[in-house]
Amino acid sequence: MTEPEAISNRPPTLQAEQALLSISGLSKRFGGLQAVNDLSFSVGEGEIVALIGPNGAGKTTAFALVSGFLTPDAGRVVFAGRDLRGRLPHQVNALGMARTFQIMRPFPRLTVVRNVMIATLGRHADPREAERRARAVLDEIGLGAKADLPAGGLTLAERKRLELARALGTEPRLLLLDEVMSGLTEAETERIVELVRTINRRGVAILLIEHVMRAVMSLAQRIVVLNYGERIAEGRPEAVANDPRVIEAYLGDEEVTRAPA
Amino acid sequence: MKWAMGLAVAVLLALPAVLSGYAVTIFVLIFFYAFLAQAWNIVGGYAGQLSAGHAAFVGIGGYTSALLFEKGVTPWIGMFAGGALAAVLGAVVGYLGFRFGLRGFYFVLLTVAFAEICRILASNVEAVGGAVGLYITFTGNPRQFQFQDQRAYYYIALVMMLLATGVAALIERRRFGIYLTAIREDETACQALGVDVLKYKLLAMVVSSFLAGMGGTFYAFQNFSLQPGAVFGIPLSVEIVIRPIIGGAGTLLGPILGSFILTPLGEVSRSYFGQSGLHGAHLIVYGVLLITVVLFMPQGAYPFLRRLFKRA
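Chains as they are written, first to last, in this note's numbering: chain D, 151 to 411; chain W, 44 to 355.
Worth double-checking, as some hints may not be accurate.
What the hints assert, rightly or not - Cut-off 20 Å, straight-line C-alpha distance, at most; resulting in silico cross-link-like pairs (SDA-like, lysine to any residue): (1) W/114 with W/45; (2) W/242 with D/274; (3) W/242 with D/294; (4) W/242 with D/245; (5) W/242 with D/300; (6) W/242 with W/210; (7) W/242 with D/275; (8) W/242 with D/241; (9) W/353 with W/311; (10) W/242 with D/304; (11) W/45 with W/229; (12) W/242 with W/229.
Hints in this document: simulated from the structure, not taken from any laboratory.
This structure is a prediction, so every number in the text was calculated from the model and none was measured.
Given only the sequences and the hints, what does the whole structure look like? Please build it.
Listed below in structure tokens is the structure:
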């Protein structure tokens, strides 16, 4: 049923010594607000790392800096051995990093399969081949039945899947997921978690921003905690969950859910 | 669908045999404006970058081949020079707009400004005719793109319309066209998916302005004159833009349908209102049509009709 090449051409690898993504000293200021301050961490090949923190901690800004949508004031981003300084978002994507958006951005008037084709056309210029691969990805994600419907008519959970399918269509080595579980029911969350695990088993590294703690705990191999733009903790999920600084940072933040609604 | 279009083309090819001279000239206008509308459609319809200054490219193409003609260059070559120059300027305008993030309304303003600059320059530079414009000596020589019989212009304009539509059809089915439709929806999402948005928008602009520039030669040698106000002016840009919008921007047949609807309507109201001394009143007709389309069929007449027939 499943076709490995639909999602990633790379075989699963053990965590390598050389990090796939390496961020060092990343900083970004917007006027009076230091959104990200001297941030450093790395993601290894095939790893699942979660980036958590209260609202406004700088997580999405960090994503934008890493994927080329924002230029850092200071610091370096090295991905797959290449310094990403000065690269435009589409160039970063071509190198193998895909990102999803917190506020989903489907192409509403295009069909679902066309949405994914925009992704697959990047590496397969022939529209027929791109369509074939797009349909394969959609089948894998579970949206195959809706492939020829306009994307604007999808439900929330389906749009999340579409966002995921599009990112996968670009055949990434690293997937940046920005709050992909938000707004989902418990059952839907469980399905997405399983999907992310399946994608990871094919060798795609995952860096996810997430507030749904259940998902974070079950997926992440390592957690990086941000507050006010700075890293305040990093480590295995159990260690981070019990870290007093982390608990203090989250006190009073209603967004964090222990059990999804 | 394909055989219906083939039939339509066959009918159009046969029509001049039965049409009056006046009707032939109307059809020449229908085809010519449909050609320009289709050229605009590539950047304005498919890519969603609204240009309200496309007359600039028509004018540049026309002036180029007219001036070259004075130097003894046949318009059959001059049209490509005109198209090429228009394409270069299209790339410049496109780069200025797209590279610096001008979108939507601001890009419209940029294109209008560019067309106005061209008009003012042409009106004030004596070397290109100044405010009086350029006049083309009538020789009636087909080798110089001049024909005694209106029916020749009919067929040339028809071929131009079909060629432009062919270009749009080719683009539509390839990666280029598919990217454009997504760029129209959401540029940021496109960037995140690896699409070089700037490159494709520029390419659309270049193709569009090249075709419009080629149209300028037809305009010049069919009218035998070029006036800056007429060929660079807002009225021509409006004629170019309104046809795809009413017919259906971003569709293959929309610009053609739009021209078939608007051109006869425009000519009839021009002569009707013109007789009573109400010049420019045909624009009221345009306005009413535009409001109707925006209210009841915002995608345009062609998509509306297509959906109607699908339900039937």
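Going down the list of hints, with the structure as the test:
Restraint check: the Cα-Cα separation between residue 114 of chain W and residue 45 of chain W comes to about 44 Å, which exceeds 20 Å; the hinted pair is violated. For the hint pairing residue 242 of chain W with residue 274 of chain D, the CA-to-CA distance comes to about 18 Å; that is within 20 Å, so the pair holds. Note on residue 242 of chain W and residue 294 of chain D: the hinted pairing is violated, with a Cα-Cα distance of about 32 Å set against a maximum of 20 Å. A C-alpha spacing of about 18 Å is found between residue 242 of chain W and residue 245 of chain D, which places the hinted pair at or below 20 Å, so the restraint holds.
At most 20 Å may separate the alpha-carbon atoms for a hinted pair to count; residue 242 of chain W and residue 300 of chain D exceed this at roughly 27 Å. Of the pairs offered as hints, the one joining residue 242 of chain W and residue 210 of chain W holds, with about 19 Å between alpha carbons and a cut-off of 20 Å not exceeded. For the given pair, residue 242 of chain W sits about 15 Å from residue 275 of chain D by alpha-carbon distance, which is consistent with the 20 Å threshold. Our distance criterion of 20 Å between C-alpha atoms is met by residue 242 of chain W and residue 241 of chain D, whose separation comes to about 12 Å.
Taking the CA atoms of residue 353 of chain W and residue 311 of chain W, the gap is about 32 Å. The hint is violated against a cut of 20 Å. Annotation: proposed proximity of residue 242 of chain W to residue 304 of chain D is violated, straight-line Cα distance about 31 Å (limit 20 Å). Annotation: proposed proximity of residue 45 of chain W to residue 229 of chain W is violated, straight-line Cα distance about 32 Å (limit 20 Å). The hinted pair formed by residue 242 of chain W and residue 229 of chain W meets the criterion: a straight-line CA distance of about 15 Å does not exceed 20 Å.
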